[in-house]
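Colleague: Chain by chain, the residues run as shown.
Protein chains: 2
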Amino acid sequence: MVVKHYADITAEPVATPGAEKVSIRWLLGKDSPAPHFWLRLFEVRPGGHSPYHTHPSEHEIFVLEGSGRINAKGGGRPLQPGCFALVEPGEEHQFENTGAVPLKFLCLVPKE
Amino acid sequence: MVVKHYADITAEPVATPGAEKVSIRWLLGKDSPAPHFWLRLFEVRPGGHSPYHTHPSEHEIFVLEGSGRINAKGGGRPLQPGCFALVEPGEEHQFENTGAVPLKFLCLVPKE
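Residue numbers (this note's numbering), protein chains in the order written: chain Y, 1 to 112; chain U, 1 to 112.
These are computed hints drawn from the structure, not numbers from a lab.
DSSO-like, lysine-lysine: derived pairs with alpha carbons at most 27 Å apart: (1) Lys-73/U <-> Lys-4/Y; (2) Lys-4/U <-> Lys-21/Y; (3) Lys-4/Y <-> Lys-30/Y; (4) Lys-30/Y <-> Lys-111/U; (5) Lys-73/U <-> Lys-30/Y; (6) Lys-21/U <-> Lys-4/U; (7) Lys-111/Y <-> Lys-30/U; (8) Lys-111/U <-> Lys-4/Y; (9) Lys-4/U <-> Lys-30/U; (10) Lys-4/Y <-> Lys-21/U; (11) Lys-21/Y <-> Lys-4/Y; (12) Lys-111/Y <-> Lys-111/U; (13) Lys-4/U <-> Lys-73/Y.
For the chain Y half of the interface with chain U, some residues (derived, Cβ under 7 Å), not all of them: (14) Val-3; (15) Leu-27; (16) Pro-35; (17) His-36; (18) Ala-72; (19) Ala-85; (20) Leu-86; (21) Val-87.
Here are some chain Y residues pointing at chain U (derived, C-beta under 10 Å): (22) Ala-34; (23) Ser-57; (24) Leu-64; (25) Leu-106.
The model shown is predicted, which means the values in this text are computed figures rather than measured ones.
For glycine and all other residues, C-beta sits at the position ideal for the given N, C-alpha and C.
My request is simple: use the sequences and hints to build the entire structure.
Modeller: In structure tokens:
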């Protein structure tokens, strides 16, 4: 059993092209015994965003703090604390901070 | 793509033997297009707890609000907002509210 607080995990800058002012904490990743899916916490600082991109695996996300928008084909949809989303495999998407404080959200992906 | 707020999802009482004052919201479950794992939000009211039990699949949890304890072989470990846990397959566990306000946490499981 693993029991920790997310603040115990170092936030690493995301260097992917198209990512601006984004950091990631790998809460349960490849160095954990998680058998099927990985838990990460993203923080997007004001003015920042993730890349607008697509990939073959899904995201399940849950917004903890801040406000933002998920941009996708057909437009953007607002995000606030308590919002959750499923980005299905192959769907274009981008997470953008539209507020004045960090946007923090959990993002789960299947294990590679 | 699914984008919703957890308050849009009905909280259902958990009737499992051993569960006291627990409700569940299925945010992304069998009626969603989630391909690999399911996202649920549990609420344990003051004085309540989940069953002390075990099962072959893991839990990944993240605490949103309230305070509590995860009881397991060897004792209990405190939970507060921002805590996350991996309950590995086959590990005995119970979630207990030790505070005066609802304990809310996300709990993810592999798709059945």
